[in-house]
Amino acid sequence: MKRSTWFLVIPVLLVLCTVASCSRSSGEVWDDTKTASRYMGRGLRSLGGKQGESRQINSRDDFGFAANWNDDFIPLDEGSDRNKFALNQVPQARTSPGDPDSPIPGIEAFVDPATDAELAKIFNNVQFDLNSELVKGDENMRQMRRMSNFLKKHPELYVFIEGHCCERGPQAYNLALGSRRSNSVRNFLVKDGVNLDNLFTISYGKERPLVQGAGEDTLRVNRRAQFKVFKR
Amino acid sequence: MRFFRWLVCACTLFSVGLSAAGHRQQGDDGAIVVRLPTESRLIPLYLAKFNRTESSFEKKHVSRLMGVLDFDLAHNGMTKIVSRGKEMEMLAGSVTFDAPRNVEAWKTRNIYYVVRGSVKGKNLNIEVLAVNQGTVQAINDIALTGDLSQDRVTMHRVADSIHYALFKTPGIASTKFLYTIKERPGDSQDATKWTSEVWEADYDGNNTRQITHDACLCVTPTYIPPKKGVSSCGALLYVSYKTGQPKIYMASLRDGKGRRFSPLPGNQLMPSISRQRDKVSFISDVTSNPDVFLQPFNPEVGALGKPRQIFTARYATQGSPVFSPDGKKVAFVSNKDGPPRIYIMDIPAPGAATKSIRPQLLTKRNRENSAPAWSPDGTKVAYCAKTGAWRQIWIANLITGEERQLTQGNGNKENPTWGPNSLHLIFNSASEEVSDLYLINLNQPEAVKISGGKGEKRFPCWEPVTSM
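First to last, the sequence lines map onto chains G and U.
Going letter by letter, the first sequence gives residues 1 to 232 in my numbering.
Going letter by letter, the second sequence gives residues 1001 to 1468 in my numbering.
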């Protein structure tokens, strides 16, 4: 192609790109960049053998429990994806606290671990990034290991894992996001060997902020998993 | 020189592109403002003062009832109330207000309908003059009790009768809606002490009454539609945290005592019931992921058989499923492709292959969309979307594919619910620690606040009515 043609093509391409990105806010462009990098990151990590929440499995025998959904509900058929995703499918406890046939009482019998000196050191809040349910960061991981080790030694303890969101998100959607956060913590603990029947999830969405206000520090503190404990 | 000419061309194209890209207007607070067409579709109506010379009731009571009718006629989405004036009061008060010369006088003032009432003893009589036709319709001997709450209901019926007489379609003034009020006992800052109960109110926010008394968090109530031939709803589904985990309960509107809807383990959230009353969709994390489920249902018996999973997306959050009016599709929120968006899918068969389910993206315009509400006529989906600094209510037209912003201004507006006429909506708007309910319709761009008092009012759900 002649040099003169390039001098025409390049500016046209520049204009097209500019129009496309100028019609969106900087926040939207940043959002898309993060989304793309999230998926790229997963791909790159898997090439290096680090798959974050998931790992390569070959059959359902590769993990400790076999979820049999047919007792509770009719699942969709995930076909060949079933093994890929099975590691994230940690069944809920067989009975819910406070149910008529449950040996575990309802929430009114569970206490804030901060009221007990020993429990207060173990059950600190786990924090989350905006719009995320991933448990990450050194402090969070230390917290998770502490809880896991403690719960494995104390099978008489039952824990409500509450998933909370900050004020930024919509009310209804946050009820579901809170569920993702509490299950993210629960899945980690169960996969680490804690009895799944000792752990229950509650999603509070943004209904129960720890601190009120709109500042970034406040929002960050409210994006959390928090715990209530019952000793049988 | 030749290079210089090319450089000038490139710079010109660049600057044209920049100016073409910036279409959005920004309000003073940074919010995006969408200018709607200014021509009003509302028909001018004159509401004369009630004649109460022979009334058994005090002036204050009659004024209040007039106020109810005034509100109903001003917010029905069809008429606008013309301001009162001395001359028009004289015209309206004339014995022969439908005489040809008086009709001409109304025409010159561009008034299409005149409504006047008189209270004689304990009865109200209403006359409606259709100016263009020169005809009068009368509703006589409407019994009043003197009790404001009962007489409000009567006035709403009058408004609906007038609406039907003028437009041959049912009005919405006699309908009700459910909502929740979240309260902080003693203004406590400790959120663990906050409670939220389900309430019901007339569509204008009055005649409120508490339905649930769970003394805990109750959210997302929804009516169970009435049977064919029955005009009003008798029961509801709602989510309560009374045992700890959020579970769906079914309760009668009469006593509000909930009984468990499903024994499914884990969290159950955001129930929605089909117009046919035969299935309930909801969100459950029984698989440790919040997915969309469907439960066959009979309102007299409850849940039938096992629920079935109808949508899942790993590493994604799903929420707010709602049925299409024909019960064959579901709209729901998912962040499977990035920020939360609204999708529509056909309800899959039990045990369908995940790969065969192809939800269609509905909301292409905005990010962070949530709380879809399908209009009863099936042509629109209302939802909330992050628009600049605030959440606003948007309407997606399913026929044209157009998405348009309905609300403007400060406050996060969420949880829209349609009136049975597919014209009106109620939503909640919140800023800081205040949340109130607002009424709006597609023909009148200004929303009007319909709630007051303490507590955060949220999650409205408008009564589905079989007659519309």
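None of these hints come from the bench; they were simulated from the model.
All C-beta atoms, glycine included, are put in the ideal place defined by N, C-alpha and C.
Among the clues, some could well be false.
Said to hold, decoys possible - Facing chain U, from chain G, some residues (calculated, C-beta under 10 Å):
1) Phe-73
2) Ser-102
3) Ile-107
4) Gln-171
5) Ser-184
6) Val-229
Going through the hints against the structure:
1. Phe-73: holds (5 Å)
2. Ser-102: holds (9 Å)
3. Ile-107: holds (3 Å)
4. Gln-171: holds (6 Å)
5. Ser-184: Because about 9 Å separates Ser-184/G from the closest Cβ in chain U, which is inside the 10 Å limit, the hint holds.
6. Val-229: violated (12 Å)
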